[in-house]
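**Q** I would like the entire structure built from these sequences, with the hints used as guidance.
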Amino acid sequence: MIDIDIEQQLGRFRLAVAFRAEAPIVGLFGRSGAGKTSVINAIAGIATPQRGHIRVNGTTLFDATQGIDVPPEARRIAYVFQDALLFPHLDVRANLLYGQRLRPAAERFIDQDRVVDLLGLGPLLTRKTRALSGGEKQRVAIGRALLAQPRIMLLDEPLAALDGARKSEILAYIERLRDELHIPIVYVSHSVPEIMRLADTIVLLADGKCLAAGPADEVLERADLGPATGGDEATSLIETRIVGHDAAEQLTTLGFDGGRLFVPLLRGGIGDRVRATIRARDVSLALQRPAGISILNVLPGRVTSIQGEARATVDVRIAVGAASVTARITRRSLGELNVHAGQELFALVKAVSFDQSSVGYA
Amino acid sequence: MTLLTPDELGIILLSLRVAVTSVAFSLPLAILIAYVLARFTFPGKTLFDAIIHLPLVLPPVVVGFALLVLFGKHGPIGAILDQWFGIVFAFRWTGAALASAIMGFPLMVRAIRLSIAGIDRRLEVAARTLGGSRAWVFASITLPLALPGIITGTLLSFARGLGEFGATITFVSNIPGETQTLPLAIYTYTQVPGSDAGALRLSLIAVVLSIVALATSEWLTRRAERAQVDDRH
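Chains H and L supply the protein sequences, listed in that same order. Heads up, the first sequence is in the numbering used here, so the first residue is 648 and it goes up one at a time. Heads up, the second sequence is in the numbering used here, so the first residue is 2 and it goes up one at a time.
In case anyone wonders, no lab produced these hints; they're calculated from the structure. Just so it is clear, CB atoms sit at the ideal spot from N, CA and C, and this is done for glycine as well. Hints are supplied without guarantee of correctness; some may be wrong.
[Said to hold, decoys possible] Partial list, derived from the structure: chain H residues whose beta carbon lies under 10 Å from chain L:
hint : residue
1    : Ala725
2    : Tyr726
3    : Asp730
4    : Phe734
5    : Leu737
6    : Ala792
7    : Pro797
8    : Leu801
9    : Arg978
10   : Leu981
**A** Shown next as structure tokens:
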């Protein structure tokens, strides 16, 4: 999908990034100032690198040695900005249609009614952009980008300006785009929960360089990348399916090959794929299956590695079926339980530690 | 027409023709220069900016004299325009329009430049990524967003044109029916003993014209700002 190898000097900041990524959603991840926006600006054609090449879906958009630099309007790459950037002199409908009008009918494959329906824009169409809330603006911006009939979509921290409830609403819309329109997405964020929930492939940036690129769970569980991902946010990711709902107790049961997870009630149907993320500090360990305990999720597994030898806390990685869960425990607990690689034990996760942002449809 | 004498009507129509013509021809150039000044830095920009602003600070007579030298029948530009295109400015109403355009130009450029500088450039970038060429983005995003400034600039230049005196009388003289605009006619009345009544009538007309122009521009500006036009192409 994306094959990029570029170098660009931006004042004192040097961007030298090379990676290839192939996934429904590529997460471009790193702290602020890591160069995430510079990379997607180069992909969109807003900024011109000094050296290298950019190819998207097999089409060369930029190649310094061959002198190729396709202008942004011809790249067909939709860009959704942090602050929506709706055109203030146009109403919602005219904003939505701005890009669509500029594409010949033969190149249009995303239908206007479909987008309006998918993003719930119907009631907003005749409104002025000023009268929209932050979440509504972002939905219109996404719709406007989609109707420009893009090859891929770049989302630059689209949730940054939104509050918690709006965030999970927009996340759900983005998942619908991926599942129903099959538009490849590059999602830029410095938030671990967002990236974990959405991204299949993660490209990790720091100081203008690409530190790692690969499957989401592998990149995020690599302890050596901790400082670049935000340190204490070590998180595990488990691909599951919905196996049942209990409306009376407001719980949903998720199944995966390592066992079952109980999480607060979800809306999906039985069999739907769901991605659950578990923060390492929400996981406790027990040597025997505990009795008389409120924790619902007890996952039997085997210790595969222990990392963070020189700190007060250690990250214990446990294989649970084919999945893996990381537990962050104190050095004292490590000693008292005598945890060692190869040991069989139980990982405990409270059902309430799952929330809207940590469980999403995969 | 009982309110106005045929002479007065002629003077008003000539003044309006001069002001409208000067605005119509200078507006596209003013927008272009305002855009360049607002968006680009280039060597000599300060000097270029100063030259644009010159008519604002120079005595109008100096501008008129410069026009006479350059655009007169035997001037370097005037001679070429006359021989090749048959265009004559000297002692014609078109010359009055040229003088008005030049005197009003800095006012027009300033107002438009300010409003272009106030536009979030990322809106234009967003429009490019949506498939708009540079020219189309300029027409569909930059221009509409700069509209309040364009209206203000047009009004200022129009009012300057209606009131233009020094450069006009120096460049194209004071020929009744050809170059005698409202201010020149008022001046002529004041030079003839006992014609104060005529001067007063024309002055009142000038006041009415100015108020109408001001009100129209206010109305247009408010419409441009409030309506956030739903433009269906």
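**Q** Quick check on Phe734/H please, does its C-beta sit within 10 Å of some C-beta on chain L?
**A** holds (6 Å)
**Q** Can you verify the interface hint for Ala792/H: is its Cβ closer than 10 Å to any Cβ in chain L?
**A** holds (7 Å)
**Q** Are Leu801/H and chain L close enough, Cβ to Cβ, to be under 10 Å, as the hint says?
**A** holds (8 Å)
**Q** Are Arg978/H and chain L close enough, Cβ to Cβ, to be under 10 Å, as the hint says?
**A** Not OK, violated: Arg978/H not within 10 Å of chain L, min 49 Å.
**Q** Holds or violated: is there a CB of chain L closer than 10 Å to the CB of Asp730/H?
**A** Given a least distance of 8 Å, the restraint on Asp730/H holds.
**Q** Does Pro797/H hold up as a contact with chain L if the rule is Cβ-Cβ below 10 Å?
**A** Hint on Pro797/H: holds, closest Cβ of chain L at ~9 Å, below 10 Å.
**Q** Against chain L, run the beta carbon of Leu737/H and see if the smallest gap drops under 10 Å.
**A** With Cβ-Cβ at 7 Å, under 10 Å, it holds.
**Q** When the nearest CB of chain L is found for Leu981/H, is that gap smaller than 10 Å?
**A** Where the cut-off is 10 Å and the nearest Cβ of chain L is about 50 Å from Leu981/H, the hint is violated.
**Q** Holds or violated: is the Cβ of Tyr726/H closer than 10 Å to a Cβ in chain L?
**A** holds (4 Å)
**Q** Holds or violated: the hint that Ala725/H contacts chain L, with Cβ atoms closer than 10 Å.
**A** holds (7 Å)
Consistency note: the structure conflicts with the earlier hints numbered 9 and 10.
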